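2 protein chains.
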Amino acid sequence: MKIVVDAMGADKAPAVEVEGAVQAVDELGLNVILVGDEPRIREELKKYGESREKLSIVHAPETIGMHDPAAISVRRKRQSSIVVGLDLLKKGEGDAFVSAGNTGAVVCAATLSLRLLPGLERPGIAIAIPTLTGVSVIMDVGANITPKPIHMLQYGIMADAYSRYILHKTKPTIGLLNVGEEETKGTEFIKEAYTLLSESKLNFIGNIEGRDIYAGTADVILCDGFVGNVILKVSESVIDTLVQLIKREIKASVIATVGAVLASSAFNSLKKKMDYSEYGGAQLLGVDGRCIISHGSSTAKAIKNAIRVASEFVSEDVNRHIVEELESY
Amino acid sequence: MKIVVDAMGADKAPAVEVEGAVQAVDELGLNVILVGDEPRIREELKKYGESREKLSIVHAPETIGMHDPAAISVRRKRQSSIVVGLDLLKKGEGDAFVSAGNTGAVVCAATLSLRLLPGLERPGIAIAIPTLTGVSVIMDVGANITPKPIHMLQYGIMADAYSRYILHKTKPTIGLLNVGEEETKGTEFIKEAYTLLSESKLNFIGNIEGRDIYAGTADVILCDGFVGNVILKVSESVIDTLVQLIKREIKASVIATVGAVLASSAFNSLKKKMDYSEYGGAQLLGVDGRCIISHGSSTAKAIKNAIRVASEFVSEDVNRHIVEELESY
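Residue numbers (the working numbering), protein chains in the order written: chain V, 1 to 329; chain B, 330 to 658.
No lab work stands behind these hints, which were simulated from the structure alone. Fair warning: this is a prediction, and the values are worked out from it, not measured in the lab. It cannot be assumed that every hint is accurate.
Stated by the list, open to error - Far from chain V, by Cβ distances over 10 Å, these chain B residues were calculated: (1) P390; (2) E511; (3) K562; (4) D569.
To be verified - Some but not every residue of chain V turned toward chain B, in silico, with C-beta under 7 Å: (5) I129; (6) L132; (7) G134; (8) T146; (9) K148; (10) G206; (11) Y214; (12) V230; (13) S237; (14) T241; (15) V243.
Virtual Cβ for every residue (Gly too), placed ideally from N, Cα, C.
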């Protein structure tokens, strides 16, 4: 098994990708191909001693930036790390792709290059989030901002497989995000999605509300990509704002500063629990291949975890389970 | 000026409404009419000594519950505190209405009873939220889950007036919530709203993202009622989850417990800053009257603040400013 890693995606590329890849090779025994600017990757690799048999490099001279237009860049930059990396999967030279780069470009390139699984119309992005009771999956968080009701059923089937085979839940509960719990609530789109989900074989528990997400009410939270994108960004923003406000308050008081130092073990433990990077990034589901999109601010540990989760998607053959489930409809 | 208060709306009704009304009369010198179950209101009032000239009661024997269907309840329960209270405004016996009850029912009853301001098609709910730099307004947070692009322009005009005349901002910046900053991002609905806002006289700063909301990037954040509802509920949920996780972590460590006690001044100060009730609840804008919807979990202080803000909407004549602005288009 070989995991292809885009070495040029993260804000701190290629340093974090190279370090994460080295950790994945050394600690997890995985084979990794780093794709990107070879001289820069080699330079980074020097930090980690002699060369490793399980770690190879494929040169890609171009880079698609975080703010480059996705579809145009993918068509024009055929030598970019994203396009070259996904081509390796297409040619059978790699089993999964990990990138911390431009999400839109990865979705676009993966859909063009790998194509979709049979029976699917649109890919979607699923992300695991920490909750009060454990971990849940939100899907879609931004691949498809104008889905049809049938896509929500397909997202439900894909996120269900993710929960079962990667997160090891036996009968994941599936909730549809809405503005109220009653079946009569929401837009026409939501009501139609509700009907399709009710008639499915999924363990559908009905509508859930924004407040239920982090309470862990459902193992899978289904929403359109616009709402999912807003949820993730607002959640990060609330936490960042709280931390900044706490810092300001603490600075204003000597006693509080002493207290904060003493309470820091609690904060650190909490921080670890809330750390998205522990969960291995966002999964692009629905493409005929395995594709993980990490946060632009990924650390080496986040990259290592993404590589680990990518290998689990391969060994658990999640895509086969998804296709079998889709065929049964 | 007389503020009509639904005494039966909050989770702890009528206790918090009665206490909040007494505070508004005693501390702010306002005239308040409490509407609801008269014997229960009188019983609560006994706690606050002899009767007050500025505080009166209008009996309403029925109550619309939090989970009652909005439109049906408003039509059937003509003797409910919401319907009776809004009728007082219609008859000119009150100048503003405050309720901590069923949001959908208040929106529905207010629209039917007070009608809309000339030139408007749909009401919207605006709410003031604390940010890193001060306070911003989000609109709509749930009155209209399927708005048209023109409604977003109208929401912009209304929230702009709220920011100017109640929050005293001189040239409020208006942002459109989207999945990216670029003009080309988002659904067709968002792109059309973007065009209308660009061509308006508003101080429109373009698209903003979920992470910009609490950073205070814009004074006004415009979004549809579905997204706005999710934002508010997710934000509350993230904070609640953090607090619960911190409590768990702290319990697990004696040193952390000591630290937390010492740091409590910082947390209390922070809590006050994040307290929505300081900002006087949510404003139902667009109806031909003043209508404030408080949180179901409102305290007496929250009700008092809502009454205060309601009186400011009257004295600043915000609706006249909105109508004049709408007429200029």
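Hint check results:
1. The beta carbon of P390(B) is kept farther than 10 Å from every beta carbon of chain V, the shortest such distance being approximately 26 Å.
2. In this structure E511(B) is not separated from chain V by more than 10 Å, as the shortest Cβ-Cβ distance comes to only about 8 Å.
3. At roughly 3 Å, the least C-beta separation between K562(B) and chain V is not larger than 10 Å, which violates its mark as non-interface.
4. Not every Cβ of chain V is farther than 10 Å from the Cβ of D569(B); the closest lies at roughly 8 Å, contradicting the non-interface assignment.
5. Restraint check, I129(V) versus chain B: the minimum CB separation of about 10 Å is more than 7 Å; hint violated.
6. The beta carbon of L132(V) is positioned within 7 Å of a beta carbon in chain B (closest approach about 6 Å), and the interface hint is therefore held.
7. The beta carbon of G134(V) comes no nearer than 12 Å to any beta carbon in chain B, farther than 7 Å, and the hint placing it at the interface is violated.
8. Nearest Cβ of chain B to the Cβ of T146(V): about 5 Å, under the 7 Å cut. The hint holds.
9. Interface restraint check for K148(V): the shortest CB-CB distance to chain B comes to about 13 Å, outside 7 Å, so the restraint is violated.
10. Among the interface hints, the one on G206(V) is violated; its C-beta lies about 14 Å from the nearest C-beta in chain B, farther than the 7 Å criterion.
11. Given hint, Y214(V) at the interface with chain B, holds; its Cβ is 4 Å from that chain's nearest Cβ, closer than 7 Å.
12. With 7 Å as the threshold, the beta carbon of V230(V) comes within range of chain B, its nearest partner Cβ sitting at about 4 Å, so the hint holds.
13. Interface hint status for S237(V): upheld, as the beta-carbon distance to the closest one in chain B is roughly 4 Å, under 7 Å.
14. Nearest Cβ of chain B to the Cβ of T241(V): about 4 Å, under the 7 Å cut. The hint holds.
15. With 7 Å as the threshold, the beta carbon of V243(V) stays out of range of chain B, its nearest partner Cβ sitting at about 10 Å, so the hint is violated.
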